[in-house]
Amino acid sequence: MAKTETEKETPKMKPRPIVRLGIFLISHSFLVSVVCCTAGVLALLLLPVLAKNTYISENALMPGSASSLLSNHDIAEANRLVNELSSLNLERKDAGIESQKILARYMSDLGAEVSYHKFHPPQNHFHPLHFFSSPHSGIIGENFSCSSYGVNTVGIIRSPRGDGKEAIVLVTPYNFGRSDSSETLSLSIAYSVFSLLSRVTWLAKDIIWLIADSQYGEHESVAAWLRDYHTPSFTGLVSLNADACVEGNNLYISKDNSVVQGKISDGFGRAGTMAAALVLKVTDRNGLWDDTLSIYAEASNGQMPNLDLINIVNYLAVHRQGLHVQIQKFWSDLDLKWLEFLGKTFELLGKVARSLNPNWKFGIPASDYIEGTTTLASSLYYQALGIPTGPHGAFRDFQVDAITLEISPRVSSNNKARRNEFLLRGGRLIEGVIRSVNNLLEKFHQSFFLYLLTSPSKFVSVGVYMIAFALLVAPLPLVAASLYADANELDFGMKNDKYTPMDTASNEINITFRSWKWLSAAKEVFVVHIWGVIVLLLPYFICQMRDWSPTTSFVSWVFLAMLSLLILYLILGSPFSHGYSLEKGEWAMLKSVTISAIFIGLLLMSVVNFATAEIGALLMVPMSLMAQPLKPDIRAASLRSFFRVICNLVLGFVAFPPVTFFMLKGIFEGPDCINLGDFWNWLESLWAWNSATYIYIGMVHLPCWVLCIHILLHSC
Amino acid sequence: MSIRPIDVMAIPLKSTHFFIFLLLLSNIFTPIISFGLTIEQEREEFYEELLLRPLPDRKVLAHFHFQSTAPSSNSNGRHHHLFPKAISQLVQKFQIKEMELSFTQGRWNYELWGGFDPISSSNAKPPGVELWAVFDVPQDQVDASWKNLTHTLSGLFCASINFLESSTMYSAPQWSFRPATGNIRYGMLPREAVCTENLTPWLKLLPCRDKDGLSALMDRPSIYKSFYHSQRLHLTSNKSGPEGMNPGIILEQTLTVVLQPNSQRTSMTYSGEKNVQPSWSLSSIFGRKVSGRCVLAKSSNVYLQLERGLVAELKKNKNNGVGNIASEGFWSGTGFELSVRPDKVFEEENSSHRRGSSVLFEFSVDKYSDSQPFDLGLKWKFPVTWSSEPAPLHASRFLMGSGNERGAIAILLKSADLNDASLGTCSSSNGYKFRVDVFQVVPWYVKVYYHTLQLFVNGQPKAVGDVIEKIHVSPSKDKISPGVMEMVLQFPCDVKSAALTLEFDKGFLHIDEYPPDANQGFDIPSAAISFPNFYTSLLFPGNCSVDKSPMLSKFQEKNPVLSYTEVLLVPLTTPDFSMPYNVITITCTVFALYFGSLLNVLRRRVDEEERLLKSKAGKTAPLSGLLSKLSAKLRGRPQETPQSPSNSSSLISSKLLLKVFLVAVLAVAWQYYFG
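Residue numbers (my numbering), protein chains in the order written: chain B, 1 to 716; chain W, 1001 to 1675.
So here's chain B without its partners, still in its complex pose (with noise of 0.2 angstroms):
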């Protein structure tokens, strides 16, 4: 810092002027943090407008460029096997191994190659060193039960003419034991897919149809597929004790009865490297008005897959098959006044814009606008969570794009003909995605991985909504520069009148000793942080409590949180207890660094999950600028403080976690069904797919809310 002293005689040294730029943003902190944050919401605001139009940006994709050959006959193959399979869960109790066996059957008289692939369902253990790492190093344990196991089955056609280096893998979740028939609609479309593939000429990829065994769940069976494509043990121990239990009832259908065509193996069926990955599940949730597809992309922590796969998806659905499609969104039956005050006052400005020049395109419908921001809004929520939204998660942990795509039939009649069309459409889609990607040479690169959706066919990239972030983290150093200068009452030479100036004979130690203020402070922020470490790790333990409720595990975790709070501090030392506490610049001390961590945390986690460290600086950003102490305000009792101090309480209450999970849950769900149990779940199921919000929420999010509330009570 460029410190002069205010010597009347010598004039002064100009200082460089990145320098001079840097002391006045500091200078006028106050100003800069109002108008950036504001700016910050605003742009965020503003995203839906400034979306663009997706386009397919790798040439060689080529989405509907080539007629599609499904026909009537392969969805009479397809229904001919559902019926087989619906007339079985009807009569045995063992329905699952032989419907298995039927869809064995039905592939390799294809001429797919078939396995079957067993897998225990993973535990839901909490491993607090295991985030971030590898996804194949979940552990196997030792002693399964033999009644719990899933099998999945794996139809691989091989192409034609490829050199099979690389596959495209078709997945459809199928409870074995209780399905239902939007499920086994989803198998008929696949079958019938299937079965066209099998016979085409032009397949570059290989086809691999996983029929994922979901009674575990959807992600856990295809996740543990995966597991085993990838990272296959070679001591056989999990397949023989597996093989130990199945002893009964043998799944390998006998080589007198079985077709030469295919050949059902064994082993583990395999194909080259994955290529993209496909999740195919239909439910009955009736469209409105058409059939409707719903894209799920988001995989854990906020990863999404190339904007490419989701374009030829949403092209060939809607410019091909005439589906309807959706991407999740909130609030669709809420009507929110404000934010169709912001879309019209848009629609508005677009307008005048217009009539300015023709070529500024800017502004869209007012109704357009809500449901870009509704869309956005959940795009964030879901980035943010780091919960995969379907079992595409688990490809995309081996760097596979995948999505999956959830078709709904606009009635769920069972109506033959109705029904038909309904795969055929269904089924042509699915074929038209895997012809595009079977045209890929490369491996999908060209557009874009970090994106927002604002609707199926809107996208905003990392470039704008990078903006709205960096403008709302963007106050943070320099509010907490202006505060370490006030506190140190360092001179930069052009302070404002507001402080009054120091004397002037404050000596060289003092300045010194003032200077490593900021140490103590730093001492608090980082034991307060310590305290967030540990609050994160308590679920370990409370989870080895096998019956406890949730509620009664949250209440113990708050318990144990706050006693672990008190150790700390009856430790380390209470910074309540300091010597110089009363004096006026601790507090600001405390506030500088606290700001600086809250700085580093949301950068950190922007690089991380953008989403959390977008909705983590909405929340933490005001609350934090704003923090001061609430005892002179209060004394002061003027209007302005007044002011003040409701505006602090309303920021730190908002900002407490578990406050703001329940005022979401009120706002979305209605307010007679929160739970204090409910957090627990959530949080546990953060913690349960290695979510990093998880270690946001711990280690920057509720130390730094600590830190703002202390400096709120600090009695100064």
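Hint data in this document are derived by calculation from the structure and do not stem from the laboratory.
Nothing here was measured: the structure is a model prediction, and the numbers come from that model.
We treat Cβ as the ideally placed atom computed from N, Cα and C, and that holds for glycine.
Hints may be right or wrong, so weigh each one.
[Unchecked claim] Taking beta-carbon pairs under 10 angstroms as the criterion, some of the chain B residues facing chain W (in silico):
#	residue
1	Gly267
2	Ala271
3	Glu442
4	Lys443
5	Lys665
[Unchecked claim] Simulated crosslink set (DSS-like; lysine-lysine; CA at most 30 angstroms straight-line):
#	chain 1	residue 1	chain 2	residue 2
6	W	Lys1211	W	Lys1289
7	W	Lys1289	B	Lys118
8	W	Lys1211	B	Lys118
9	W	Lys1414	B	Lys118
10	W	Lys1496	B	Lys101
Position chain W relative to chain B; hints supplied.
Just chain W now, with coordinates in the frame of chain B:
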């Protein structure tokens, strides 16, 4: 007088008759004379043969075999009658002892199409191009010869074989690939696309090209519609021929195609008669017929082979108990019907295979012509299912791990239903072990750590020393040579499955080393797995006609069973290829900032500046005064200099604001009217 002219006329007439007679005589005798010559000195010969074999999965294997031989003593100077001159020049120029070049598209299905017969182990090749050559030159010239050879072949076959020139692309196997031949070089291009542009030059080497004879069957659309096709060129040259081998050059050209007979497959599949094999004929699978032999060919035969499994199955079906399969009645009586009566029937004499012995029908094309083309057809009468004889162990290879950092290669060997004689050789003599040779080349950017070799036999981890008898590893050198691993594994006889894994790190390439379509990933060429204890040989009873056929004599050779594994695709980290631009921009910015500030520091003299400021303090030049006012305004502090009237500062600010406003208005106007 009147007679004389007649006489005169008669003499010339007679003489012409005589001449014609003489000519005729000479024409008749010339072949005899020349035949007499061939006994002393071998002539160039050409054979063409075609083998057809129904496959268990309703497909048909067609294997064309052309062989040209040239004697070593070139009696015709540098010219040849039948033998392609390009090849003989190649042999002479590069001193090639043996060479094999194959172009392959598709994968040979070792499980369904067999892995134990001569065709699968010598004609099932890895996808792309495979080239190996043994040179008869001193050690230090081998690499140079290889490089020249790749370029020559590249020009000859319209393929990018010249990429094998780079030392990172070829290797020198010591003993595992071909037994003990020192000057061998081996290279593979897995990504080479094979098409008709490679077939045409290959056909040009044949004396009849594809105009006549068996090669006329090669209808391009039907060949390239096939599930597997591999064209291969094998060259052997024996300059001296001391071991009684026929001296000279032997050029063996084979084309192996697996075709789907053009039957109504869908209706077959769904009509319930799933097991009925499709009936086919030459015209239905190739779309053409054979209209006679290539006149230059010494022999021109078509063979139909029934596999051991199929023969055994047919025997089982035929309950009338006629023992002699090869009898005349067999082919019309059981299971299938041939449209053409075979000239000869051979039965394999090897009785060690319990599954039965393979049967071969020979059809000679000599007697067919344009008017009566040869069109062999096979019609199945009732459903029959069988399976081909698999290799002793089915080898597959795959990648393990994920991410861009590291991974592992795993080779999995699995015994296929070994209840027949193939393992009999192993178990009969006690203590005898099951030997497997592995030869694997890995490009340098896949950095294999050979010490991480792990072995699992029957699901149990084994110490490396227990299983490996001999190993030779030459680790890769970055950008110089690929990593080569050769090893001999000895398994116990009861081996059910064996796996070996090798871990690797993925390397980084320089940006200009990336091939086009770098995001596809990088190929690891196939590994060759051979089983030296098992030989592929179809022994037919000593018959002169069998000996005459080069293809059948090739089948009778004792070659170890060889199979190739899959090509692997390793995704490496690829840079964003627009990155150089970004990097240039960023570095330029950084450099500009750095040098700017450096120059500023170097140029500035602090003392002098201070003195200058001091001296200026009194004067207060108008410009500096303005600047200080401006800065003071910006800092939001009252100006310290004494001569600061407050109105002037406000005046300046209002002027400044006016200017800014003016510029803004101008900009808006510009945008509005011209934008």
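Problem set entry | Index of numbered hints that the structure contradicts, given in increasing order | Numbers 5, 7 and 8, in rising order.
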